[in-house]
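Colleague: Below are the chains, spelled out letter by letter.
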Amino acid sequence: MSSNHILEARNLVKRFGDFEAVKGIDVAIDRGESFGFLGPNGAGKTSTMRMISAVSTATEGTIEILGLDPRTDGPEIRSRLGIVPQEDSLELELSVRLNLEMYGRYFDLPRRVIRERADELLEFAQLTERANDKVDNLSGGMKRRLTIARGLINRPEILILDEPTTGLDPQARHLLWDRLYRLKREGVTLIITTHYMDEAEQLCDRLVVMDRGTIVAEGAPRALIERFSTREVVELRFASDDHEQYFERLVPFAERVEVLPDRILLYVHDGDEALSEVHAAGIVASSALVRRSSLEDVFLHLTGRTLAD
Amino acid sequence: MTTTNANTVGWPRWLRSWWYHAMFFAQTWRGTLASSILFPILYLAALGVGVGHLVSAHTGLVEGQTYLHYIAPSILATTAMQLGEGESLWPVLASVKWIRTYHAAAATPLEPSDIFAGKILFVASRAFATGILYTIIIACFGALQSWWSLTLPLIATLLALSFSAPLVAYAARCETDASFTTLYRFAIVPMFLFSATFYPVAAYPGYLRPVVQFIPLYHGVALVRAAAFGQGSLGSILAHLAVLVVMVVAGVLWGLTTMRRRLTD
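Residue numbers (the working numbering), protein chains in the order written: chain A, 1 to 309; chain B, 1 to 265.
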């Protein structure tokens, strides 16, 4: 192996007919790292994940996972990966425990090993008491935790999670994050896609920002924010619908001004100070909020769009 | 420490897929009891005994058999067809599209070809088991007259596969189940009715008789009858077998392609 990366992809392309979902990206991930793909829906995250999971084949480019080539060693690679797809894909008619045990057989694990691990994983996913319930009767958060537990039945070296917390309530998300921290501490390499900024900031050591099939930035969350945004942001809302008219007037007060449909963002070093200057100039907003810069601002800066678009 | 590969059983991948399907069936089989066991017996009772009474009163024997004996083997054939069809349309679309459990399987060491092989081998196993059960039931109705009857479970298996393989292949490339109902109404049900299932081909007007040759189930019905009564020429038996084998082979080749495309694109 030419590098000490646990996963390395070069010039990765995925085309579906005429549509190019991934347009030649390069990614290198180290062992033990938690690495994120951040971007809006349709950015090419899932297509990328499916390729680096050794599930879908790349149209062009090369991938090396655990030193192996997915084109020739797919089964061997997948036996050492844990994959948590965007949709839970659980057997709804079967019990929680059977979902784990039957999946374990796909990895050719002996019954005894599967039983031990199922017990551990039920505990890990806080589903021990629901072990014999039908999956259909679980809440969304429980199903998600079960899907993650299922992805861990083979004790993977890399856990790949596609949108792990989409659709979960805040409490369920925090519980899931906590489980992922634990795995990270145990040395599992995590690869995560998300369109939640806070999730990326919380979980990822390093991430790439994807937009329309390309990588537009790469780095640690804090470093990206420092590089592409200011320390603080003032969010102003006005009673009038015509936010554009305020643009010219606000430019002198900030390093950069972004006009969104529902609010105006001022990128500044000191939010409180900028806000009082704006007030002193007689510009009256119906509401004002000072916050720290986030990855959302990085994304907005790089792509001119919000993630919700 | 991770010891992922140190501890494995050594099963080939297709067998793991077969086992998964079998385990799933073992958990949910009660729901299939009516269609795979009760209905065929009801058909035999209603048609074989009921209609059979009328037939024997008016026409006497059908191709040398009482009416009950004449249709008993063909109920095995239609059951095998329906088993092959029932396992292959909705369950497969659910696995690739709605619940996506085949995608979950494709994220393990299994390849799409393993998933496909496990599926149709499971259908084969189920058809074989049903075939044995059925052969016993038909024997109880006194309809078996030849040692060739022992091949009935194998014929049932081949027949189920000849429907299952192409239908799994087809379902694996579908986005909705809209076409399934059409397929059921305009292909499966007519085959059930018109494959010389309940009366000999001779009952058709002459110009229709060659058309029957194009109905896949007809060849299955002809084979089970040949086995049950120990009749038929070697040439015609080989011809019927060949039709079913071609359907299986074509279905498998098509299925390997559609399953791969569905799960790896």
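Everything labelled a hint here was simulated from the structure, so no lab data went into it. Owing to the predicted nature of the structure, the values given are computational and were not obtained by experimental measurement. All C-beta atoms in this analysis are idealised placements derived from N, C-alpha and C, irrespective of residue type, glycine included. Treat the hints with care, since some could be wrong.
Unchecked claim - Here's a subset of chain B near chain A, in silico, CB distances under 10 Å, partners left out: (1) His-58; (2) Leu-61; (3) Pro-109; (4) Leu-263.
Stated by the list, open to error - Covered by chain A, per the in silico footprint, the following chain B stretches (three or more residues, Cβ under 8 Å): (5) 24-30; (6) 65-79; (7) 143-155.
Colleague: Which constraints among the numbered hints does this structure fail? Numbers only, ascending.
Modeller: 1, 2, 6, 7
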